[in-house]
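4 protein chains.
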Amino acid sequence: MQEVQPYIHKVQYYETDKMGITHHSNYVRWMEEARVDYLSQIGWDYARLEEVGVISPVVGVDVRYKGSTAFSDAVTIVVKILECKGVRLKLSYEMKNEAGKTVCEATSEHCFINTEGRPIRLEKTQPDFYAALVEQMEGSGV
Amino acid sequence: MQEVQPYIHKVQYYETDKMGITHHSNYVRWMEEARVDYLSQIGWDYARLEEVGVISPVVGVDVRYKGSTAFSDAVTIVVKILECKGVRLKLSYEMKNEAGKTVCEATSEHCFINTEGRPIRLEKTQPDFYAALVEQMEGSGV
Amino acid sequence: MQEVQPYIHKVQYYETDKMGITHHSNYVRWMEEARVDYLSQIGWDYARLEEVGVISPVVGVDVRYKGSTAFSDAVTIVVKILECKGVRLKLSYEMKNEAGKTVCEATSEHCFINTEGRPIRLEKTQPDFYAALVEQMEGSGV
Amino acid sequence: MQEVQPYIHKVQYYETDKMGITHHSNYVRWMEEARVDYLSQIGWDYARLEEVGVISPVVGVDVRYKGSTAFSDAVTIVVKILECKGVRLKLSYEMKNEAGKTVCEATSEHCFINTEGRPIRLEKTQPDFYAALVEQMEGSGV
Numbered sequence: 035m036q037e038v039q040p041y042i043h044k045v046q047y048y049e050t051d052k053m054g055i056t057h058h059s060n061y062v063r064w065m066e067e068a069r070v071d072y073l074s075q076i077g078w079d080y081a082r083l084e085e086v087g088v089i090s091p092v093v094g095v096d097v098r099y100k101g102s103t104a105f106s107d108a109v110t111i112v113v114k115i116l117e118c119k120g121v122r123l124k125l126s127y128e129m130k131n132e133a134g135k136t137v138c139e140a141t142s143e144h145c146f147i148n149t150e151g152r153p154i155r156l157e158k159t160q161p162d163f164y165a166a167l168v169e170q171m172e173g174s175g176v
Numbered sequence: 035m036q037e038v039q040p041y042i043h044k045v046q047y048y049e050t051d052k053m054g055i056t057h058h059s060n061y062v063r064w065m066e067e068a069r070v071d072y073l074s075q076i077g078w079d080y081a082r083l084e085e086v087g088v089i090s091p092v093v094g095v096d097v098r099y100k101g102s103t104a105f106s107d108a109v110t111i112v113v114k115i116l117e118c119k120g121v122r123l124k125l126s127y128e129m130k131n132e133a134g135k136t137v138c139e140a141t142s143e144h145c146f147i148n149t150e151g152r153p154i155r156l157e158k159t160q161p162d163f164y165a166a167l168v169e170q171m172e173g174s175g176v
Numbered sequence: 035m036q037e038v039q040p041y042i043h044k045v046q047y048y049e050t051d052k053m054g055i056t057h058h059s060n061y062v063r064w065m066e067e068a069r070v071d072y073l074s075q076i077g078w079d080y081a082r083l084e085e086v087g088v089i090s091p092v093v094g095v096d097v098r099y100k101g102s103t104a105f106s107d108a109v110t111i112v113v114k115i116l117e118c119k120g121v122r123l124k125l126s127y128e129m130k131n132e133a134g135k136t137v138c139e140a141t142s143e144h145c146f147i148n149t150e151g152r153p154i155r156l157e158k159t160q161p162d163f164y165a166a167l168v169e170q171m172e173g174s175g176v
Numbered sequence: 035m036q037e038v039q040p041y042i043h044k045v046q047y048y049e050t051d052k053m054g055i056t057h058h059s060n061y062v063r064w065m066e067e068a069r070v071d072y073l074s075q076i077g078w079d080y081a082r083l084e085e086v087g088v089i090s091p092v093v094g095v096d097v098r099y100k101g102s103t104a105f106s107d108a109v110t111i112v113v114k115i116l117e118c119k120g121v122r123l124k125l126s127y128e129m130k131n132e133a134g135k136t137v138c139e140a141t142s143e144h145c146f147i148n149t150e151g152r153p154i155r156l157e158k159t160q161p162d163f164y165a166a167l168v169e170q171m172e173g174s175g176v
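Protein chains in written order, with this note's numbering: chain A, 35 to 176; chain B, 35 to 176; chain C, 35 to 176; chain D, 35 to 176.
Source of the hints: derived by calculation from the structure; they are not laboratory data. For clarity, every value in this text was computed on a predicted model and none was experimentally measured. Where hints are given, some of them may not hold.
Pairs involving identical chains hold if they fit within one copy or between any two copies, as the list cannot separate such chains.
Cross-link-like lysine-lysine pairs, in silico, DSS-like; alpha carbons within 30 angstroms at most [what the hints assert, rightly or not]:
1) 158 <-> 44
2) 130 <-> 158
3) 135 <-> 100
4) 158 <-> 114
5) 114 <-> 135
6) 130 <-> 114
7) 158 <-> 119
8) 158 <-> 124
9) 119 <-> 52
Produce the complete structure using the sequences and hints provided.
Next up, the structure:
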C-alpha cells in the first residue's frame, strides 16, 4: 500500500480577513487541495480520473474550527478515508498548525458520476479505483 | 418583530469552476453574506456590533449540496435562528434556485467574544442583542 | 440608445484582508461583475452571447488603486467602452465610494473568439453585437 | 547577493472557471504569493517587515494574459525589481507553464507606509531593507 504523506498548505495573505486570521471559507478549499493531492499520491491523479471518466462531486462538508491560523502559517493536513461504499465516499481531514495543535477537523462526502452526469457504482464501473480506495481505508486504521 | 426578507445572491462568473457550475466553497461565503444581511435587517448590522464590541466567529459549518447552481442564477437564501444560548448561536440556511428547488441546506455555529478575544455570555453582556436574536428564533417557528 | 445604470458592489466580509480593508485582487472580480451587468443592460447578457457563440476572454487588465474600501461599503462602478475594433474591445471602470471619492480606476482588454477558440472579427460575425457596442461607445462621449 | 529562486504555483481546482481554465483574477493573487516569497528569500519575510513596521500596499497592477493555464499546472513565476525609489517600488512578474511558454506578464507598484498609515521614504526610514531591494535590482540586470 502506498504510504501517503500529509499535505501542507501555506496560508496566503489574500486568505486572511479583517479579523487578522484566515477566513473560515478557505478551509473548504484546502480540503479540496489535500484531497486532490491524496488521490494523486495513491495513483489516481485528476488526469487519470478524467481519462477513465469518473467525477466525484462534493455532496456535503462538515467543518469544525478548533483554532485560528494566520498569514504564512504552514498547515499540515492529514486525509483519511472513512467510508467507501459503491456510490459514496467519505473522507476526514485533520489540520494542525506548526506547533502540532489541531486547528480544524472536517469531513467531506462525495458521490461518483460519469461524464454524462449519471451516478455510477464505483465497485462495478471502476474496480481498480475502488480497490485503491478500500485498501487505503483499511490501511488507515479508521 | 422585524419581518426578515430572504437574501438573494447572484452567481458570479468567477464563482464557477471547470465543471461549469458554482464551486462548492462559495456557498460558505454566501452563508456569511446572508447572515450579515439578516443581522442588519433585525437592527444589528456589523457597525453596531463593532460599536458594542461583539464578535461572533464561526466555530462550525455543515453544508449539504442538494443541487447545482450556475453562472447568473439568482439564489434565494432564507436564514433562521435554530439555537441561541448564552455562549452559542446556531443558524440554518435554505438556498433555492429560481425554480424554487432547494439547492443547498446548511447550518453554522458561532460563539461570542469581546474585542480582547474572551468568550462572553451574550444574555448578560449584550442583553439587547440577545433579546433580538431570541425574538427572531421564537418568531421563526423553528 | 439604452441608458446604462452604474453597477453597485457591496463589499463582503470575505473580501477583506488582515490590513482591515478590501484585498486588491477583488477589484478585478468586481470589474467582471460590472462588465457582465453592463452587457446585460445593453441587451447582450451572457445567455445571449452564449447562444450566438461569442466568448470574450480578458487579455489584459490595468488597475490603479486610488483609495481603500472596507467591509459593507457600497462601491459604485461606471463602465465605459473605450475602444471597439474588429477583434478587440477595451473598457474602462471608475469605482467610487459612498462619499463620491474615486477609489479605483481600471481598464480591461478583450478579444473575441468562437466556441472552437478561434478569433473572430466581431463586425463581420456578430454585426448586431458590434453595433450595440459601437453605439454605446459613441454615446458615452469618450 | 542572495540568489532568488523562482516561485511555483500549482493551479487549484477552485481557481478554474466555467471556461475550463484558470480564472484571470487569480494571477493577481499569484503575484502576491510570488512577491511575498521573493521578499522572504532576500531576507525580508513578512514577520520582519511587520517587526520594523513597514507596510507596502499595492497601488497598481498591470496584467497581460499571454496564454491560459489549467487545473494542476505548475506555473513558474520569476519576480524582478524594476524600480525602487524612496517612496515607490515596481516589480515585474513573468509566468511560464511547464513547457516554458510565457502565460502571463505583469507588473505591480507599491508605496511604503508605516503602521500609522503615513507614507515613508524607505531609504531614510529603513535603509537596510532599501539596500536589499536596490542590490537585487542591480543584480537582476534589469
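Verification of the supplied hints:
1. Taking identical chains as interchangeable, the C-alpha atoms of residue 158 and residue 44 are never at most 30 angstroms apart, the minima being 38 angstroms within one chain and 33 angstroms between chains.
2. Taking identical chains as interchangeable, the C-alpha atoms of residue 130 and residue 158 are never at most 30 angstroms apart, the minima being 37 angstroms within one chain and 34 angstroms between chains.
3. For the homomeric pair residue 135 and residue 100, the shortest alpha-carbon distance inside one copy (9 angstroms) is at most 30 angstroms, but the shortest distance between copies (34 angstroms) is not.
4. Only within a single protomer do residue 158 and residue 114 lie at most 30 angstroms apart by alpha-carbon distance; the minimum there is 23 angstroms, versus 42 angstroms between protomers.
5. Proximity of residue 114 and residue 135 under a CA criterion of 30 angstroms is satisfied intra-copy only: 18 angstroms inside one chain copy versus 33 angstroms between copies.
6. Within a single copy, residue 130 and residue 114 get their C-alpha atoms as close as 14 angstroms, which meets the 30 angstroms cut-off; across copies the closest is 32 angstroms, which misses it.
7. For the identical chains of this complex, residue 158 and residue 119 are intra-copy neighbours only, at 11 angstroms inside a copy versus 49 angstroms across copies, given an alpha-carbon limit of 30 angstroms.
8. For the homomeric pair residue 158 and residue 124, the shortest alpha-carbon distance inside one copy (18 angstroms) is at most 30 angstroms, but the shortest distance between copies (41 angstroms) is not.
9. In the homo-oligomer, the alpha carbons of residue 119 and residue 52 lie at most 30 angstroms apart only across protomers (26 angstroms), although the nearest pairing inside one protomer, at 42 angstroms, exceeds that limit.
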